[in-house]
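Novice: Here are the chains, one letter per residue:
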Amino acid sequence: QKEVEQNSGPLSVPEGAIASLNCTYSDRGSQSFFWYRQYSGKSPELIMFIYSNGDKEDGRFTAQLNKASQYVSLLIRDSQPSDSATYLCAAPVRDSNYQLIWGAGTKLIIKP
Amino acid sequence: GAVVSQHPSRVICKSGTSVKIECRSLDFQATTMFWYRQFPKQSLMLMATSNEGSKATYEQGVEKDKFLINHASLTLSTLTVTSAHPEDSSFYICSARRGLAAVRSYNEQFFGPGTRLTVL
Chain A
1 QKEVEQNSGP LSVPEGAIAS LNCTYSDRGS QSFFWYRQYS GKSPELIMFI
51 YSNGDKEDGR FTAQLNKASQ YVSLLIRDSQ PSDSATYLCA APVRDSNYQL
101 IWGAGTKLII KP
Chain B
1 GAVVSQHPSR VICKSGTSVK IECRSLDFQA TTMFWYRQFP KQSLMLMATS
51 NEGSKATYEQ GVEKDKFLIN HASLTLSTLT VTSAHPEDSS FYICSARRGL
101 AAVRSYNEQF FGPGTRLTVL
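One line per chain: the protein sequences are A and B, in this order. Position 72 of the first sequence, counted from 1, bears residue number 72 in our numbering, the numbering being contiguous throughout. Position 27 of the second sequence, counted from 1, bears residue number 27 in our numbering, the numbering being contiguous throughout.
Bear in mind the hints are in silico, worked out from the structure with no lab data behind them. Heads up, the beta-carbon is just placed ideally off N, CA and C, and yes, glycines get one too. One or more hints might be untrue.
[Claimed, not checked] When the alpha-carbon atoms are kept at most 25 Å apart in a straight line, the in silico DSS-like pairs for lysine-lysine are as follows:
hint : chain 1 : residue 1 : chain 2 : residue 2
1    : A       : Lys107    : B       : Lys41
2    : B       : Lys14     : A       : Lys111
3    : A       : Lys56     : A       : Lys67
[What the hints assert, rightly or not] Pulled a few chain B residues facing chain A out of the computed Cβ check, cut under 10 Å:
hint : residue
4    : Gln6
5    : Gln29
6    : Phe39
7    : Lys41
8    : Asn51
9    : Gly53
10   : Thr57
11   : His85
12   : Ser89
13   : Phe91
14   : Arg97
15   : Glu108
16   : Phe110
Could you put together the complete structure from these sequences and hints?
Specialist: Shown next, in the form of structure tokens:
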């Protein structure tokens, strides 16, 4: 059973600090990963997509992928109260109808 | 681009009635659409995957006769909850995939805003 695991949190971070969200996966063959953000009562929206080992930066967000250690992380710099949400990690399921396997999500709380 | 709409956004119905939820990709053709259900404080649960013009593939434990999915065109999929009961009350979310195989993120799913179903 392929899995994507996340700490459910909540993760509490002071405003202005760096929030670090982690995700581990069991399928060593996984090639790419998505980070989605979901506000309470809303549907998920894409934050980052990462394919290659290393870092990918987009504004205040940096995704890090380490295929050898099978983890992917999301860093949020200069955290704002508006970043408070649940962050979902997802990976494509191989040999499926383009499905994604989802982590349970980490709830992030940014404290003013 | 890649906007997905969902209608209605909220519905309240009596037990035993049927409810239809529409999911539309507004500015792209969706080769694959997905239906999820999410209970409060829980993660997304995939209910079914559908491709245009073919029968949906349901996840284990999801009753296909209760949750009818029709993917009639490349821009429209519908989910009908038949004979709804209070335990069907949930947040139903559809997503769509563009299917641009030349792009590495071709598995990216674009989500509709969701439908909150309350069955009395």
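Novice: Less than 10 Å between beta-carbons is the criterion; does B:Arg97 satisfy it with respect to chain A?
Specialist: Holds, because the Cβ-Cβ distance from B:Arg97 to chain A comes to roughly 6 Å (cut-off 10 Å).
Novice: Hey, does the B:Phe110 contact hint survive, CB to chain A under 10 Å?
Specialist: Since the shortest Cβ distance to chain A is 8 Å, the answer is holds.
Novice: Per the CB criterion, is B:Phe91 less than 10 Å away from chain A?
Specialist: 8 Å, holds
Novice: Can you confirm whether the C-alpha distance between A:Lys107 and B:Lys41 stays at or below 25 Å?
Specialist: 10 Å, holds
Novice: Please verify that hint: B:Glu108, Cβ, nearest Cβ of chain A, below 10 Å or not.
Specialist: Where the cut-off is 10 Å and the nearest Cβ of chain A is about 6 Å from B:Glu108, the hint holds.
Novice: Given B:Ser89 as an interface hint, is its Cβ closer than 10 Å to any Cβ of chain A?
Specialist: Violated, about 14 Å.
Novice: For the restraint on B:Gln6, tell me whether the closest CB of chain A is nearer than 10 Å.
Specialist: 8 Å, holds
Novice: Would the hint linking A:Lys56 and A:Lys67 be met if the CA-CA limit is 25 Å?
Specialist: Since the Cα atoms of A:Lys56 and A:Lys67 sit roughly 14 Å apart, the hinted pair holds (cutoff 25 Å).
Novice: Using the nearest Cβ pair, does B:Phe39 come within less than 10 Å of chain A?
Specialist: With a closest approach of 12 Å, the B:Phe39 hint is violated.
Novice: Against chain A, is B:Gln29 within 10 Å by beta-carbon distance?
Specialist: 14 Å, violated
Novice: Would you check whether B:Asn51 satisfies its interface hint, that is, whether its CB is within less than 10 Å of any CB in chain A?
Specialist: 7 Å, holds
Novice: Identify whether the interface hint at B:Lys41 stands, where standing means a beta carbon of chain A within less than 10 Å of its own.
Specialist: At about 9 Å, which falls below the 10 Å cut-off, the nearest Cβ of chain A leaves the hint on B:Lys41 intact, so it holds.
Hint violations for this structure: numbers 2, 5, 6, 9, 11, 12, all remaining hints satisfied.
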